[in-house]
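Q: Listed below are the residues making up each chain.
There are 8 protein chains.
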Amino acid sequence: MEYLKNLLEEYKNGNVSLDKTMNELKNLPYKDMDFAKIDHHRHLRQGFPEVVFCAGKTNEQIVEILKELKRKNSIVLATKANKENADFILQKLPQCRYHEKAKTISYGTFPKIKTHSYACLITAGTADIPVAEESRIFLKAAGIQTKKLYDCGVAGVHRLFSNVDDVLNASAIIVIAGMEGALASIIGGIAPCPVIAVPTSIGYGANLGGIAALLGMLNSCAPTVSVVNIDNGFGAAYSASMIVKQSDR
Amino acid sequence: MEYLKNLLEEYKNGNVSLDKTMNELKNLPYKDMDFAKIDHHRHLRQGFPEVVFCAGKTNEQIVEILKELKRKNSIVLATKANKENADFILQKLPQCRYHEKAKTISYGTFPKIKTHSYACLITAGTADIPVAEESRIFLKAAGIQTKKLYDCGVAGVHRLFSNVDDVLNASAIIVIAGMEGALASIIGGIAPCPVIAVPTSIGYGANLGGIAALLGMLNSCAPTVSVVNIDNGFGAAYSASMIVKQSDR
Amino acid sequence: MEYLKNLLEEYKNGNVSLDKTMNELKNLPYKDMDFAKIDHHRHLRQGFPEVVFCAGKTNEQIVEILKELKRKNSIVLATKANKENADFILQKLPQCRYHEKAKTISYGTFPKIKTHSYACLITAGTADIPVAEESRIFLKAAGIQTKKLYDCGVAGVHRLFSNVDDVLNASAIIVIAGMEGALASIIGGIAPCPVIAVPTSIGYGANLGGIAALLGMLNSCAPTVSVVNIDNGFGAAYSASMIVKQSDR
Amino acid sequence: MEYLKNLLEEYKNGNVSLDKTMNELKNLPYKDMDFAKIDHHRHLRQGFPEVVFCAGKTNEQIVEILKELKRKNSIVLATKANKENADFILQKLPQCRYHEKAKTISYGTFPKIKTHSYACLITAGTADIPVAEESRIFLKAAGIQTKKLYDCGVAGVHRLFSNVDDVLNASAIIVIAGMEGALASIIGGIAPCPVIAVPTSIGYGANLGGIAALLGMLNSCAPTVSVVNIDNGFGAAYSASMIVKQSDR
Amino acid sequence: MEYLKNLLEEYKNGNVSLDKTMNELKNLPYKDMDFAKIDHHRHLRQGFPEVVFCAGKTNEQIVEILKELKRKNSIVLATKANKENADFILQKLPQCRYHEKAKTISYGTFPKIKTHSYACLITAGTADIPVAEESRIFLKAAGIQTKKLYDCGVAGVHRLFSNVDDVLNASAIIVIAGMEGALASIIGGIAPCPVIAVPTSIGYGANLGGIAALLGMLNSCAPTVSVVNIDNGFGAAYSASMIVKQSDR
Amino acid sequence: MEYLKNLLEEYKNGNVSLDKTMNELKNLPYKDMDFAKIDHHRHLRQGFPEVVFCAGKTNEQIVEILKELKRKNSIVLATKANKENADFILQKLPQCRYHEKAKTISYGTFPKIKTHSYACLITAGTADIPVAEESRIFLKAAGIQTKKLYDCGVAGVHRLFSNVDDVLNASAIIVIAGMEGALASIIGGIAPCPVIAVPTSIGYGANLGGIAALLGMLNSCAPTVSVVNIDNGFGAAYSASMIVKQSDR
Amino acid sequence: MEYLKNLLEEYKNGNVSLDKTMNELKNLPYKDMDFAKIDHHRHLRQGFPEVVFCAGKTNEQIVEILKELKRKNSIVLATKANKENADFILQKLPQCRYHEKAKTISYGTFPKIKTHSYACLITAGTADIPVAEESRIFLKAAGIQTKKLYDCGVAGVHRLFSNVDDVLNASAIIVIAGMEGALASIIGGIAPCPVIAVPTSIGYGANLGGIAALLGMLNSCAPTVSVVNIDNGFGAAYSASMIVKQSDR
Amino acid sequence: MEYLKNLLEEYKNGNVSLDKTMNELKNLPYKDMDFAKIDHHRHLRQGFPEVVFCAGKTNEQIVEILKELKRKNSIVLATKANKENADFILQKLPQCRYHEKAKTISYGTFPKIKTHSYACLITAGTADIPVAEESRIFLKAAGIQTKKLYDCGVAGVHRLFSNVDDVLNASAIIVIAGMEGALASIIGGIAPCPVIAVPTSIGYGANLGGIAALLGMLNSCAPTVSVVNIDNGFGAAYSASMIVKQSDR
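Chains as they are written, first to last, in the numbering used here: chain P, 1 to 249; chain U, 1001 to 1249; chain B, 2001 to 2249; chain W, 3001 to 3249; chain L, 4001 to 4249; chain C, 5001 to 5249; chain A, 6001 to 6249; chain H, 7001 to 7249.
What the hints contain is simulated information worked out from the structure, not anything from laboratory work.
C-beta: ideal position from N, C-alpha, C; glycine also.
There's no promise every hint is true.
Example chain L residues on the side facing chain C (calculated, C-beta under 8 Å, incomplete) [unchecked claim]:
(1) I4113
(2) T4126
(3) Y4204
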């Protein structure tokens, strides 16, 4: 509101004309919203990277947006980037790096890890790892500490049990699972922190492209589970990063 | 085939005319199938009760069918019978008994338990018990031994663990669960016998009347799980009774 | 682990027989899990009430479970309780109180509010308020501070704008909306904390009992939104209570 | 009806035989319908182009239909034309032009803009632009004035606010959005003219190929929103062109 | 913007303090939006009634909202009001009138019809009339002229043909149809104005509560058809009223 | 066309003015269509009754329509009439008769059976009989001969086999089945005439109100099966009556 | 039954041993069924070709089955054959012919047309023709006369009207339409013979791969419409061929 | 439990320190679970192979997992392996063998058949064979005897009848069918042992990728049918192998 006060004083002092003041104020609702956004962004810029969703955009558009965002951010990400996107973009912007498993491109320097609290990433199977990596890269770019427990479904449940402390001490947990998604209920039954469940499209037939896991997670008998879209590792990580950051202050 | 041999010999000896022989043989495909059925039925009658599905039938029809079946069977069941069905039927057939939780009417004497092997009935919650009871009454009427572990979901999982031997030594397990149905995957992950999962319509919203549990169970990462229709305790018990009987011989 | 150490020493000293030690240890996996649960529960008891889900249970069962839980907890809740449930239960347990709008029964004393941080409850319309109240009663029973902004959809959006500070300073936000659920995206676009969206079954026709709002929220272009089941005010509040509590420490 | 009057007079004057008159009249129901159509078409030809839907047609069929329609129209369009369609068609009909972003082929001369009123095209994201361009090319070919506000979703909402006058003064608005489609509700909440919403197939997972946006728009709490099929930029533009033309007279 | 100019001049002249000016300006974004709304509302008040959606609200809430809205409007409507709603409300607000077929309550005086242009209401069957009446009452309350062609489906198609001029001269057409909803395509094929289609829940089985008609209308081969939610007569009328009003000026 | 010829001659002779002739001809498209309809109706009246679909209509409307139709038809039917409809209608029109199982009201005298060929009605279970009776009453009212084989599903398949000649000699077969609807495939595999399958809503859970049977029948491996809507006994009978009548001539 | 009689007489005469007779009779149920099938097939062979469904089979399997069937049939068809199937099969069986539009391979000589009655094939659009051609080739191979009215949807409805006699005199009509499938209702409203509707997968978005047309046709307000699977031209033709053949005798 | 007893005795004798004992016991819950698993595995290893699900895994991951599992198992399988998987894996692990029809890779030596009882594999059509082969290879690797009756649907039903003894004497039956899946009901109607039904994705249109068959099987009127996921030959075989093994002991 400093800006507004200065404007009014400058106007009263005659340094700014009525017309110019009027014009400034006319745009204030939106400018002000911009300020809010900037303020909000300032907070975000302390840790939350800007992210471009590649699907449905042309390679040229992605490059333009990345360049634009990079001007104002130390690190920018582009998610759901396939090999063909990556080849094009890395040729145009050689400073970019392609995290193939995560299908994510990073542009800029990853910050130092800033939190003592951490988010725990747990996948049911090997095939769920790409979605978990999308989460992990975002959290890394946001300066959030992570621990990962991959492949902890029925076949690898011992990994879960032998690292149960990582589950019990997390500030936020992201469970990534396809098929029936039961792992979310199991983790939700023991974890003392919020569980964000990411259904994946791993499975076939009556899996319906991840709908089975999605419905399972939404109906979880564990009341601590909330859910994001199928394969949406980025969204889960965004919520988790906010929770961890708040826990850490 | 004795019947056929006799017929042919009688015919050759002139005791039966060509016309009559022809006629008998013309109907043989169906008669023979009837024989097969009778044979098959004889086996069934050793333990498997006849069952009437009440939904969509008038009370009068149910009474007629029960009376008809009772003539040839020592015990007959009627499932999905609501209070109003039961009131009508017990008035007409006072020897019937209404198992209210199971929404099942029994007509006749329950046999002695005939098996050493047993089927284990496991429910996730209190609200799943009616479906489990439908299974249990059928198994009892079929002379199959059962053990029951009710209310073993997330909140009562200790009941599961403290009776884990009942799970490990069963010949068949029926898991009855609503909401996300994850219990089927958990049991399927530890049980060394076939698991028949019954999704229930317990839940709300995105549960879609049991579809969420159904899809979850069909997509179970445990390969030992097969599934029957939502709330179909009877069907699960029928398959289980066959498995237990075979294990027992 | 003190328990274990003592046991072993008592055994070595001959105060406990091998058989008894064996037996204790045999049950240790589950006992130990119980301990963990108790530990975990102790933490929970500091603020998180026990909750009974009424749907599908008989009134008698609900009363029994409430009585059992009340022994170990200062406050117990029962959700999705209709008028008929409430009449029965309050007759049997007159100390209970029925929060009609929230369709929730409380049994015991609400704790003092223990947090400086707060959860913000925002509904789109008047008809979404019952679900919000389910959230609010849980949070109150958990000792979590709340602010509520009800009826902030298109028709009442000024209420949102004139209380925008309550949105910007919350530690967790629960958005409750039916129809198309767009409010979750709008809030998600401005809030600097995690948004837990609760689709409601308010609407008709292609609303499909809340599925339209559910899908809308899962596909939100705002990356901070995670979602719980349709009408699941309790689940959203549970996650939110954990986030607020962590923010507060 | 001039035709009919002349026919009858010619017949009375003996210039046309009874037989021929009968025959003409026998076909009149259909002929007359043709006349109606022609009349209707005459009106349409003042601005509404003929449009060929390419999907499911062979390239040869498209070329034939385009040539046939071009005989009677100054401009003809072909929508949902992919690159391969375009290559074939432009080789056969070099006067055609391929609007790649719009996946639309135009054949003939675009008319002058004939309206003072205008339709406003608003997209949520970059990836929704192809559908918007399909609308825009149709409106251009129909001589309807347009204004476009692309990329006005959550990330670019400032573009919406800084051009709010274009929204407030439009005669018809087409909102094109994928994911959860919330932009339609936001625009519907402020626009004083009909809003035609086009859900797009942009999104993934529980987006279900645009069904999430479609349901969201159908359930919009803003009562001014009507909806066309997923990705149907052409249909939205057709309705919008009629509204603008009527507003303009 | 006069208000803003005056404020600044008063401030410069010292009639208003910096603090008060600051405060006024701080709220300007929302105030201004309110102004916009008021402006917009002024336009609306010339013809568009306020409407309360009854479903999900208590009778008490509906009465409160009706009273509140009536203060600022000459006519207010309440839709989806069942008999039980109506009985309660008319007792509390005896000036209200219940339009039973339309399931709509009106509160206040219907304005004179203000338009020469008109909206044409066409239903396929007798059972679709309630939804059409919801549209008609709204249009009447908005001062829009209407013509109605009820029961024009396959069985009554002669009514359509013998009133074809009403179709051809309308400024907007609302087609209300259940079952397969084909009437929308038939009307869309001949009408020279926008067609707003309302699928109804009339039908059974694979009709899926109106989904069949909804999908049929969304996929209409007539490009002039846009669609609103199942049974949403009000929404269709709202869009139609805007189109007619614009055509009339 | 006599009418047309006379009109023209009268006009030429000066007995009818040009204006009146023009007017008559102007309406000819619709009049002529009416003639066609009447012609078509005459054919129908030889056997096909008029039918009123009760659902969604008020009792008063049904009575009015029945009275209207009765004037021109010797027998009229009203389908999907529940007990409450029937009570009202039979009080107003005591000559009506309520076929309770068929949920059909007949008004007028059933004709003599006019065909040697016949339609065969086959149901899977007892609960499917009401739908079959809806078919049977229509066929009876249309003067079509029928044979019925009820309750021929898995439990009563012997009834099918012992009446296989009725299947093999039919001109059209209507198979009515709920649950999985497999009976349609079995009949389709042996019948040498068209099979019209009616899925019923008998079943529960994943039956989805008859959708399972509907999908099963649509995907039948027997190529002679076509399908009508769930529980649509009337529609199946209408098609069957046409086939039988054609076979008989 | 001649075979059976001979067998019995040969046995009585001592020409065949009891053992051999027993053996023959033991297999009689199935043999007899084979006889039935052969009998049935004999009837079919008078006009109905054998048909191989290519999808899901290897090219080698298709060739083997075609060769096997050709031995007993003068003409054999293979449907849903893509270009790649055709190339392989025509190389191995050069006497085959690929009907590309119909995606059907014929193997053998088409019979003369044997019926005076005919089936009428009506498509809504150009893109529906391949499915219609699948029907036409089958009917041709079955010796059934056909008339075709292609492209009679909204844009080409004049073709329908100017050939209305072909519609009115058909013995069976196949309507093939995608998008909303309304053409089936229109034809069903005027045709005096059974209408078999084939929904096609032509369309996009909310068309759901033909489900919209399928649901529309199942819910048709015209009671003469029955429906087959999406794109199932063969099935529709099979039913139609039976109807035409019966009409012709 | 021997291990535990020894540990305690060694500790009492001073051979093992308190610390080491504590440590061992601390991990006992999980270790013990491992023991249980090993125990369980030992049982399994007598016949049940380890299985890798290839879909969603990289070729490198599959090779690593196969090598790891092979160390502890005499035979390992990898299912849902396409040609490209197989080429890569067989190059790295030349001892592997690709069962192309079954899309399964085997690694190691198939055991001798160990059971007298057998599982019977029945497919409806040729196109269902790949799924049946997935079952068969698993059962072979598990040492379970199998009989196969392929292509027994409507067209090949004689194969079923002439091998009916194989059906009647099986200990478990796997029915594999696409389209409407009616074969499961037919087999379920005659088989005296549990039937595990595998819906396949064979079909098109309203088949919905196997959902039609899945729903059909879940709603089977035969109570002995339980169901696994679409195309899940492996899961069906796993359950069947357990049933056969139990029957055999």
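Q: Determine for every hint whether it applies to the structure shown.
A: Consistency of the hints with the structure:
1. I4113: violated, 28 Å
2. T4126: holds, 5 Å
3. Y4204: holds, 6 Å
Hint 1 from the list above is the single one not met by this structure.
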